[in-house]
Structures are given as structure tokens and as C-alpha cells.
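Sequences are here, hints too, so could you generate the full structure?
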Amino acid sequence: MDIIKLVGKYLNIPVGSLCYNTDKTITTVLDKENVEGFASIVLRLASKSRQNVTQEQLLLSYQWLEYIAMYGNQASTSPVFAKNFLQGLNRALEKKTFLTGNQLTVTDIAVFYFLQPLVANLNVLEQESLMHLCRWCKHVQAQPKVCSHCAPLPLNTLTLSILAPAVH
Amino acid sequence: MKIYTNENNTSTLKLLIAGNLAGARLELQKATLEDKFPGPKCLPLLEVDEELTFFSSNAATQYLFPVLDLSQNGKCQQMQEWEATCLQPAVTTVLSGKTASDVKQVLQSLLLMVDGLLKKHKYIIGDKLSAADISIWSTLYPLIYNSDTKQAYLSECPNILRWAEELNTAKAFQEAVKQWGGNVSGPFSSNSALGIPQITNLPTPVGSPDDVPVGVTQEEADLAKENWLNGLDKLQPPLKQEKLVLPVKGRRNVLITSALPYVNNIPHLGNIIGCVLSADIFARYCRLCDYNTLYISGTDEYGTATETKALEEGLTPRQICDKYYEIHNSVYRWFNIGFDYFGRTSTPEQTEIVQNLFMKLLDNGFMSTQSVEQLFCEKCERFLADRFVEGTCPHPGCAYDGARGDQCDKCGKLINAVELIEPRCKVCSHRPTVRPSEQLFIELGQLEPSIRTWLASVEGGWSGPARAVSRAWLRDGLRPRAVTRDLKWGVPVPMDKYRHKVFYVWFDAPVGYASITQCATKHYEKWWKPDKEYDVKLYQFMAKDNVPFHAIMFPASAIGANQGHKLVDYIFATEYLNYEEGKFSKSRGVGVFGTDAQETGIPSDVWRFYLASIRPETSDSSFNWTELCTRNNSELLNNLGNFCHRSLSFCANTFKGLIPEMQLTKTDYELFALVNREVVGKIRGATAIGVCCQLVALLCTLIAPYMPDTSRKLRAQLNLGDTSFRINSSNPSLIQYIPIGHKIGKPEPLFTKIEQELVDQMRTKYAGTQADRAKQNGEVKGDKSSNVAELEQAIAKQGEKVRQLKAATKDKSVWQPEVNILLDLKKQLTIAQSQPKPTHTHDSDVASLEKAVALQGDKVRQLKSSTKDKSVWQPEVEKLLDLKKKLAAAQSNTQATPVANSTESIADLEKAIAEQGDKVRKLKGSTKDKSVWTPEVNILLDLKKRLAAAQIK
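Protein chains in written order, with the working numbering: chain H, 1 to 168; chain C, 169 to 1121.
In short, the hints are calculated from the structure, not lab data.
A quick note: this is a predicted structure, and the numbers were derived from the prediction, not measured.
Since no wrong hints were added, every one of them can be taken at face value.
Where chain C lies over chain H, by a calculated footprint (3+ residues, C-beta under 8 Å):
| no. | stretch |
| --- | --- |
| 1 | 39–48 |
| 2 | 63–75 |
| 3 | 79–85 |
| 4 | 124–136 |
Chain C is faced by these chain H residues, among others (derived, beta-carbon under 10 Å):
| no. | residue |
| --- | --- |
| 5 | T25 |
| 6 | V35 |
| 7 | E56 |
| 8 | L60 |
| 9 | G88 |
| 10 | R91 |
| 11 | L93 |
| 12 | G101 |
Where is the CB? At the ideal position from N, CA and C, for every residue including glycine.
So this is what it looks like as C-alpha cells:
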């Protein structure tokens, strides 16, 4: 729920009144329509922000948001699970700048907000092993408006400082 | 396009249906979840091209069949998300058989919901087929087309059955099921390596990391202002450093000791952080606060271990101590350990103080005598300490022959030296006899009550490990403990009866602090037996294994002697430091040693910073090369180094190096308050720079105990004298360290970056034990000379032979080849001598030796065919064998050269083995003379061994 609010704040779009329905699925009302599910809400917000996305980007966005919707809960509660969960993201980001290709989309922002506490709990060595993911985090949090509500994550591993040098 | 999938995965159906509807050509390929795909381990995976893959079956379905979701405003995606997060997990859980009743209920209600949708419309969304239909149909497929589950779950859902049957008759669906080839009765394979998602699904991250920052209170801000304006004047008067540091009346006098490192080895990083570095940081802090500080330590030199080591290295104990004292001293000097005095225990002062303490204890009746059975070597005329006896381990099932008198290295059990089977003296191998020996014991039991009372009054300020260890010792009660033993290297017992005995090292080592103080100040009593008017506090630093001696045994001796001896006020004990994953070990030589740290080229300040930051305070911690470099690059270089350098550079460039005047406002003081909080961190223009420079000065002061070199560099850049940087310990806060208008020096970067390559290099370099490393070095160095020597020997032999042959016969054809060999050998020798690199030597050696062997072989064959006289060709055969042996030796040497060659050499070795095998087979076939083919077989075996070794590498 916090994540949706943050995404709304980032896009500067009202998110409606968020609540959980009987299936414990997050729900809100946007444009007088019921929108259910994390991925759906984020995608709806994105479409309202009039960002131009291709069909391909939309599907890739959906795929990642679905991933979070399916496994995010367990990843937040179990560090062991989180490790495998993050590995998946890390592998995907090995060859891509952003989740949906070479362009930043709202999906990156939403996923970043979700991952922030998980990545903050990693120690230096774990960060090293999730290098691509950390690199992506660094890119995303350097975008304007992303970290307006909180301090950026301290990502200063050895390899990262070579891959993505400190912003001076 | 390709679909990667595992067996019987219903999600694959989705893709196949969508593909058929869109008329796309799809290729099915078997895969497992462990295969390397970009992205999460999920199947099926749709690979459109190298750039674009979908691991989510729903996204893939939409991709393949997109026309259906153009105007639905995300409705289709919403249904699919519901399918993925709610329906799919419930169905999969039910199908896996491990079903709890609540999951069944969940599934029931989900199905009823779908049924409701299908009651209103023909399809899931309105009257058109959509990707959502495909997804839900595929997921429900095994449920619907298995009569058992159909009965159990779908009897109340007529609309679902109607809808499903309608779709099932469609051509695209039927074909897809055929292509899929799955079985509705399971078992089904998993979609994802992460397993089935939790059924109630929502990302709610645990615990928000942002703590609400507590604002600065007015009081804090006022205090910060007050300290800023007047703090400098309120600083305590500076302490004048005397040459001999002695307690001063009316000041805090701090006596700091770090555990005396045992002299018989080189200290490793664990030892350094455990005692000397921790103590040094504390000592430096105390000096900053203008406490009158004396920091001493030294090497602990007496005891059996020194005698053993001396025996090992063939030196006298005194020489060993001198040698290792120097090593210790230089290591600590490199680490910038600022001892006031680094002494040693083998001094006359030590003897005097120990004997004095002992006599007092004797007079006060705390000494008793007891006869102990001990091994006596008649040949050496002395009692043997545990470590001087070796024999067969008495523990059943072990029977290890080289067991030491105190412990068996093989089974690890403790041994009573008298119980050893077949004991022998380590020095002369003579069998010792058991003889009673009278020893002096200290009655710790009688002193126990006073120890307990004293401990209860002081242990509050001790570190956790120190308290834990000392309590554990007291729990078991104290027993008498021997203070003397039959050795030569130690403090002699000052009684005629015990002339040949010395004090046990545990008894004399803690006195070392006092004797070293005596060496340093000439008046040790002023520190160790202070007047009541003097405020002297004793702080001792050590690793936890030393706690019993400092917390119990020595205080007991001091209390027993009753001379007003200073007892320890604070003990700071650490746990152990591990090396990467294993343990540091002095005796086995594992880890990074003080001398190694020097060789890395990493500045000692970085070592100090890193070691101090991983100090094992409450639990064991690990040394890690990667972490060391990361901390250097991120914390020292990026944070500290950048801040200081930029502040000072800006000051130097913009204000000509003069500290500008500052107009401070309320927010600045609030900032100072925050800074002060950190001591117990946007301002405008000149003020900002001025403040930053002051902060640099504060940082410079604060880091001084940890990184003295860096602090010194900063001081030079700030252009201020040592005395400016001090801390008011009663009220530590930011003060104006630098006067306004002060001219600063030239700003320079403080730290340099450590690259990843160096890390890897270090890790390989310091792997294994010290002995291994030494061996490696030794081999590389040793090889060349031995080869040259071998060649010289060969030349001498060959020369002799040529002379003999020439004398015996005039037939040139007989001796000419021998001469050739001789010439060849000489050539090799010059090559070997001229080539500095051992690796090359091996190569040319092997090559030329092989050549020589071939030549000699030819010759032998010729000789054998031309004459039957064995005496003629026998020497030649011997020579051949000799050459072959050398060749083998040279080859095995080559093998010892760097690992880099190993891939190449594996191929070579395999080839060589094949050839050699053939040769052996031929030889065995042609002759029965074992002496002929045995050497060849040996070579073959040797080759095989080397191949195995190379492959392991």
C-alpha cells in the first residue's frame, strides 16, 4: 500500500482510497472504476500519467509487477527467500539497463520502492553478489523525485564504484 | 519463437493456445528450472529473440495474442494478475495433494467467483474471447478434466463447465492440448524455483527503514553555541610531556597494557587487533584528552615454547628471543603502535620483581610444596617438560607414534606425559625415567574469597568476554597451582633447595608489566604501588584466552603478597578474529601476519581502520580481503577523504587558503548540535567553507587514535601544530579548532583506491599456511641451483667416461658419441647458468635431457647390436638410466612451476603418458629383464601422478 502511495506521489497522481478486499488483494477506485491488484493499479497509474509505452514495454512491465505481486510478500518476510527472489531480478538486469529495456518506466520506480528495504538489509558481500541489481538501484535512485521521501541506499561496493562511479 | 518448458506444466498450455489462435509458429523445448536463463527461474519461458523473453506465462499469452486487450483498459491484465496471484496458487496447492481444508475453501470461493462472471457474460470479460480466458482455462484444465476433482470442486459451477466445454471444442484449444501432451492426473511440475506463491498475496514490506529523525532541542543548540564560542578557552591546560612518564597528582593517570605477545612467532592480525591495536587506540585517545598516559607492552620470553623453538632453529633461547623481539618490534612500529615503551620479560628487573613477589607470598604462607611424578632424562640430566617428551599415544585406537607430552597431534586428546608409551627425550631420544620432583604450589583456594570480593567490585566496567571467562573460572572453584617447573630458561627460584627450578611462565609473565614499567620509568612503584593521593587507573587489553591470568591468577598473587599492588580496573577482552572463513593460527601459520601486511603496500592506517572496525567485541568476526578494500574505497576514500579534500581545496582556491570569517545562524548551531551528538554533520558561501574546515579539524582530531598517519597528513594540510588538536573529555564537542584568518597548507588527497585485482592477488598469495608459502618460494628459488649442480655432476662423470673410452679404444665411432654427449651437456650447463628464470631452465632442461636420453638410447642399441661383451655396453646402459632419472626429476620440477601452465601441461602429460605406456608395453614384450623396464614403469607412474596433480589444480 505504501508503495502505491509512493508511486502516486512520484507521478503526482491521486491513487484513490486504497484498501484490501476480502481476498486480501489491494484495491482502489480510479476514474470511478474498481482496480484490483498491485500490478493492475500500478499499470493504471502509469497509463494515466500518459507516458508513452509500447505494447512490449507494457507486457514486460506487467510481467515484473506480477512477479512482485506473486512473491513479494514472502520475499519481505524471509531473508532466504529474498535471496533467490533478488537473484532472479539480478540475472534479468545483467543485460538490461532497466527492467523493461533501456528506458526508465514507472515499473522501475514501483519495483524500486518495493525492493528498497530488502536491499537496505544486504551486507556488502551480498551486495557484491547482486551487483547488477545494485547497479540498477543506483541508477533508479539517482533519478529526480525518486528519493524525495527518504535517503538513497548506500551502495558503495567495490565493483559498483567501478561500474557506476559516485555521482560527483 | 521458442518455448522452454518442463514436463506437464499447465501454464505452457496458455502459450500454446495463444500461439495457435494467432497462428504463430512455436517451438517447444525441454528445460529445467536450473537452466541458465536471464531473469527469474520460471517456466515456461517464451523466447521471442535474444533480447526479448517472457518468464510470465500471462505476459507471454498477451504478447502472442494481443488483439484481444486493446480497449479493455487493463481489465484483462487485472484478471490475469488475479489468476497468477490467487487462482493459480490455490489450484496448484490443491493439485499437489497436500491440501488443508482452508485452501479448499479458498479455491471454492474463487471458482464461484469465476462462475459468477461467466453467468453474466459468455466469456470472462464481456462477450469476446480474451487472454484472461486462455489463462484461466489453462489453469483450470486439470481440475475440469479429471473426474475426481471435477466432482469435488466444480459440481456447483455449471457456468464454468459450459464455458470450458465450449472452448475445449475450439480447434486452437484442441491442438494445443495435443501439443502439450500433459497428463491431467499429474504430477505437475513447478512454475518457478521460488515455489508456489502464498495464497493471500500482497507486497507489504516489513519495517520501514526510515527512522523519524529527532529534532535538535533548544538546549542542545545553546550548548553547541556555547562550546563553539568558548570551548577553546575552556580546554584543559595541555599536559607537558615528561621524558619519564610518572603519575601526576591531581590529574587522571592512565596506565595501559596490552597482553604480552609470546615471543616464539610472528604476530598475526588477530593478535594485533586483540591487544596492541585496541590498546593503542585507547592510549592515543587518552593522550588527546590530556590524561597522563603510560602505554607499555613487551614480549613474553620465558617458557618451554621458547626452548622448543630454540631447539627447532638450532639457536639458544636468548638468540631466539632477540630475533623475534626485533620482528615484533618492527611489526608494531609499522602499525604505528605508539608504545611508551616496548620491553621484554627476560630482564634483570623482571627477575628481581618476580623473586620479590614470590618471597612475600612465601612469607605470607600461601606457598605449599607437593611432589609431582615427572619424566627425567638421565642423559641430559634434567626433568623434561611436557613438550620435550615424545612417545606413543596411550589412548586406545590411536597409538600415534609422535604424540607430544601434553597433547597428541593425531587424536587431539590431552595426555599426561607420564602415561606415554615408549617415551623418549626430544633432545637425545634417550628413554626417560619417572622420578618424583618437588614443586611449589600457590594456594589459590585460600585466596579465593578475597578474589571474589575484589572481582565483584570491579567487573562492572569489563567487557563481556572478560566477565564471562572470569566468572566461569570462579564457578568451578580455585585449586592450588604449580608456580615452579624444571626448566632452565626462566626466572630462577631464589631458594637453595630449588636452585634448578624456574618459575612457571604464567606466574612471571603478568609481572612483566611491572618490570617493563621499571625499565621505562625507573620507578615502577609509582605506577604499580601508587600513593592513595594519586589517581591511577589500570586498563588491560587482551584476547579472551588470557583473561584467567589477568583476572584471577595474577590478582590472587598480588593480593596474597599484600604489598598494595595495583589491581586491574578495566579488562577489555576480545573474541577471536577469523581469516576469511577459517581460523588465524600462529602455530599452523594460517592467515595474514604482521610482516605480510607490510608487504601488501596498503597503508597501515587503512589496516588500522579496518581492523578496528571489525574488532571482535562480542562475537568472533572475520577478516575479508574484499571487505577491506570496499571499506577503504567507500568509507575512507569516498566519504572522509573526499570531504576533507574538497573542503580544504575550496578554501585554498577561493579564499587563498585563509579560513574565512563566519556569520553563524541558528541553523548552523543546530547543525553543530547534531555534530556534537555524533561526537558523543548546508550553509552559505564562506560560512559553509569555514565550518567545513573546522569540521575537518574535528575529524582530524577524532581519527587520530585510529589512523595516526592520516591525521598527521591532515594536520600538515591544515597547517596547525599538534597541541591544537585536543578533546575536552568531560564535554566533548565541536570547538573552533582553527583561528579565523589562519592560513592552511596545501590540500592533497588522503587515500588511494584499492583495486579488485589487488584483492584477488592478496587472497591467493596468503592462502594456505605459512609453511606452504615458504615451500613454494623455496622450490622456485632452489630449483635452478640444483639443476646446475646436477648438470655439473653429469659433466664430470661423462668427462671421466670419455677419457676412459679414449684410453681403451682407438675406434672413433665408439667414443665420438660420448664426446658429443659431453659437449651437449656442457652446452646445457651454460644455458642453465645463464638463464635467471627457473621456469625456463626447466623447459630447456627437459628438452635437452630428452634429447640426451634419445641419443644415449641409440648408442646403447648400436653397441648392443655390435658387441656381446656386456662390460662394453653395461656402463652405457647405466648412463642411460641415470639420464632418464634426471629427466624424470627435471620433468617433475617443471611441474612445480606456476599454475598458469597447468592446462597446457595436462595435455602434454596425457600425451607423454600415452607414449610412455606404449614404450613400457613394448619393452615388457621384448624382454623379461625387469631391471630394463622397471625405470620406464616408474616414469610412467610418476607421469600419471603428475597428471592427477595437474588436474586437481
